[in-house]
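Trainee: Residue numbers (full-length UniProt numbering), protein chains in the order written: chain A, 1 to 303; chain B, 1 to 268.
For the record, the hints were derived by calculation from the structure and aren't laboratory data.
Treat the hints with care, as some may be off.
Unchecked claim - List of simulated lysine-lysine pairs, DSSO-like, C-alpha gap at most 27 Å: (1) K50(B) to K134(A); (2) K38(B) to K139(A); (3) K38(B) to K50(B).
As the list claims (entries may be wrong) - Which stretches of chain B does chain A cover? Using the computed rule of at least three CB atoms under 8 Å from a CB of chain A, they are: (4) 63 to 72; (5) 88 to 94.
In this text, all values refer to a predicted model and were calculated from it rather than measured experimentally.
Note that the Cβ used here is the ideal one computed from N, Cα and C, for glycine as well.
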Amino acid sequence: MSWLRPASDALWRHPRLLLALLLVPPVAWLGVVYLGSLFALLAQSFFSIDEFSGLIVHEFTLKTYRELLNPANLDIILRTVTMAAVVTVAAAVIAFPIAYYAARYARGPWKAVFYLGVMLPLWSSYLVKVYSWKLILAKEGILSWLFETLHLTWLLDAYLAIPVLGGNSLSVSWTGTFLVFLYVWLPFMVLPVQASLERVPLSVIEASGDLGAAPGQTFRHVILPLALPGVIAGSIFTFSLTLGDYIIPQIIGTSRLFIGQAVYSHQGTAGNIPLAAAFAVVPIVIMGLYLWAAKRKGAFDAL
Amino acid sequence: MSSDRASLGLKLAAAAGLLFMHLPLLLIFVYAFTTEEKSYQWPPPGFTLKWFAVTWNRPDVWEALSLSLRVAAISTLIAMVLGTLCAAAVSRSRFFGRETISLLVILPIALPGIITGIALRSAFNLAEIPFSFWTIVLGHATFCIVVVYNNAVARFRRTSASLIEASMDLGADSFQTFRHVILPNIATALLAGGMLAFALSFDEVIVTTFTAGQQATLPIWMLEELVRPRQRPVTNVVAMVVVLVTFLPILGAYYLTRGTESVAGQGK
Numbered sequence: 001m002s003w004l005r006p007a008s009d010a011l012w013r014h015p016r017l018l019l020a021l022l023l024v025p026p027v028a029w030l031g032v033v034y035l036g037s038l039f040a041l042l043a044q045s046f047f048s049i050d051e052f053s054g055l056i057v058h059e060f061t062l063k064t065y066r067e068l069l070n071p072a073n074l075d076i077i078l079r080t081v082t083m084a085a086v087v088t089v090a091a092a093v094i095a096f097p098i099a100y101y102a103a104r105y106a107r108g109p110w111k112a113v114f115y116l117g118v119m120l121p122l123w124s125s126y127l128v129k130v131y132s133w134k135l136i137l138a139k140e141g142i143l144s145w146l147f148e149t150l151h152l153t154w155l156l157d158a159y160l161a162i163p164v165l166g167g168n169s170l171s172v173s174w175t176g177t178f179l180v181f182l183y184v185w186l187p188f189m190v191l192p193v194q195a196s197l198e199r200v201p202l203s204v205i206e207a208s209g210d211l212g213a214a215p216g217q218t219f220r221h222v223i224l225p226l227a228l229p230g231v232i233a234g235s236i237f238t239f240s241l242t243l244g245d246y247i248i249p250q251i252i253g254t255s256r257l258f259i260g261q262a263v264y265s266h267q268g269t270a271g272n273i274p275l276a277a278a279f280a281v282v283p284i285v286i287m288g289l290y291l292w293a294a295k296r297k298g299a300f301d302a303l
Numbered sequence: 001m002s003s004d005r006a007s008l009g010l011k012l013a014a015a016a017g018l019l020f021m022h023l024p025l026l027l028i029f030v031y032a033f034t035t036e037e038k039s040y041q042w043p044p045p046g047f048t049l050k051w052f053a054v055t056w057n058r059p060d061v062w063e064a065l066s067l068s069l070r071v072a073a074i075s076t077l078i079a080m081v082l083g084t085l086c087a088a089a090v091s092r093s094r095f096f097g098r099e100t101i102s103l104l105v106i107l108p109i110a111l112p113g114i115i116t117g118i119a120l121r122s123a124f125n126l127a128e129i130p131f132s133f134w135t136i137v138l139g140h141a142t143f144c145i146v147v148v149y150n151n152a153v154a155r156f157r158r159t160s161a162s163l164i165e166a167s168m169d170l171g172a173d174s175f176q177t178f179r180h181v182i183l184p185n186i187a188t189a190l191l192a193g194g195m196l197a198f199a200l201s202f203d204e205v206i207v208t209t210f211t212a213g214q215q216a217t218l219p220i221w222m223l224e225e226l227v228r229p230r231q232r233p234v235t236n237v238v239a240m241v242v243v244l245v246t247f248l249p250i251l252g253a254y255y256l257t258r259g260t261e262s263v264a265g266q267g268k
């Protein structure tokens, strides 16, 4: 084709033209479709809803944000943030040994076992994972059976009697919600922690030992600080994903709402898009602050 | 302590962690064969294969599966084109706003899915676009771009610029260079990214609940079963099949990107 050659020459001579051609389609898609929708949503949080007609008043007001700060809604926000924080800490504690072993000791085929051992749960279906916990936590399910076989049913009952954590059964308790969140987001913590641990040079650990540090001291003063960016990177995922989820607490947990459920119910049956939008701003603001803090700690290099 | 031996405590903690990640999934496989149909009773009273036949003859499951596959295929295709273009631009040159572009690509997956979902839904409402197959695809393609982009960027970074220059010096034009030098170099990364994007779209539920009208993708079908269980045995079988189906692209992507840590054309 005769026009190909001049076109090719033009692209070679004008790298900016090539760059523009490459960038326009994706930026148009993300900029128009995605950012456009996002700003349209955020703009609606400054509208309010007429209490009598139930219609949206298209005037700038902060009324919806005042509503967001009433005690019932603050309670929802606080509950969600607490859950996100607890899930993040637990995920870090469980993920660390896996990541540490995979990064420092796993060799040859074990390396692949650990890699796929984290990747498969990470990528398997979110709903199937939630479903599996519905099976586990059900009253007639495997966990109750396990406690019964070990003659520990009294222990389970005693735990379920604890006011906030327990409930009628594990599948309608705060603990159940916590376990499912932890399970579903755990792989997102393992991978960045492992990546950061793999970058800790062995010589540094040996040097610490040579200088007289006990293994525990080496861990606390050398390995942990170097792995911290990875933990923070992982916590971005676990924290953000917990903040925005509305399916897990709906399926396993109490009737007390989380932010995601509040957004869902306000935009759906209630038709209160402004309040739903204002609720949606909460995770955006929290994650914005979180990302800003994480960036200062250098967490993005560990992603 | 010798530094090449893991302590017993560490081994146990790592093994327990891995078990915690896998036992629930294994349980799904057991439940697919149970004879109990009214509850989630453990241990299963008996084992049977009949639910596979029941599931096979369910048109609603087939429709949901077919919709999910079509949505995933088209979304992956769009994401592969847009993600590769973006990756090529970002890795080729440094320009003003480069960081912003990376952020823009990551944003749909960094923000909670519910925000992407509700934003798209209210935008469709404002623009009076009726919900359809294409509104689902629009949402899925948006958050799939990042997966392709990540894979492509990593590979572009490992592809030496001297290869491209050499191709040009030898008389190939930009298109020939793309066809014969760049594409073969990034092909496996694109394929891996595409597989992951496919798996991501196939499994997506949060954004889909907002962008689908009356249609049910497979995850939406499962969600309804989770909220109001009606046919537990069929759900058990579908869950098991979904686990098996998502494992294939993951294993595929793993084998395709294995051993690509070195830069192609590095020694030149």
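Trainee: It remains to establish, for every hint, whether it holds in the given structure.
Mentor: Status of the hints after comparison with the structure:
no.: 1; hint: K50(B) to K134(A); in the structure: 23 Å, holds
no.: 2; hint: K38(B) to K139(A); in the structure: 13 Å, holds
no.: 3; hint: K38(B) to K50(B); in the structure: 15 Å, holds
no.: 4; hint: 63 to 72; in the structure: violated (count 0)
no.: 5; hint: 88 to 94; in the structure: holds (count 4)
Going down the numbered hints, you'll see the structure goes against just number 4.
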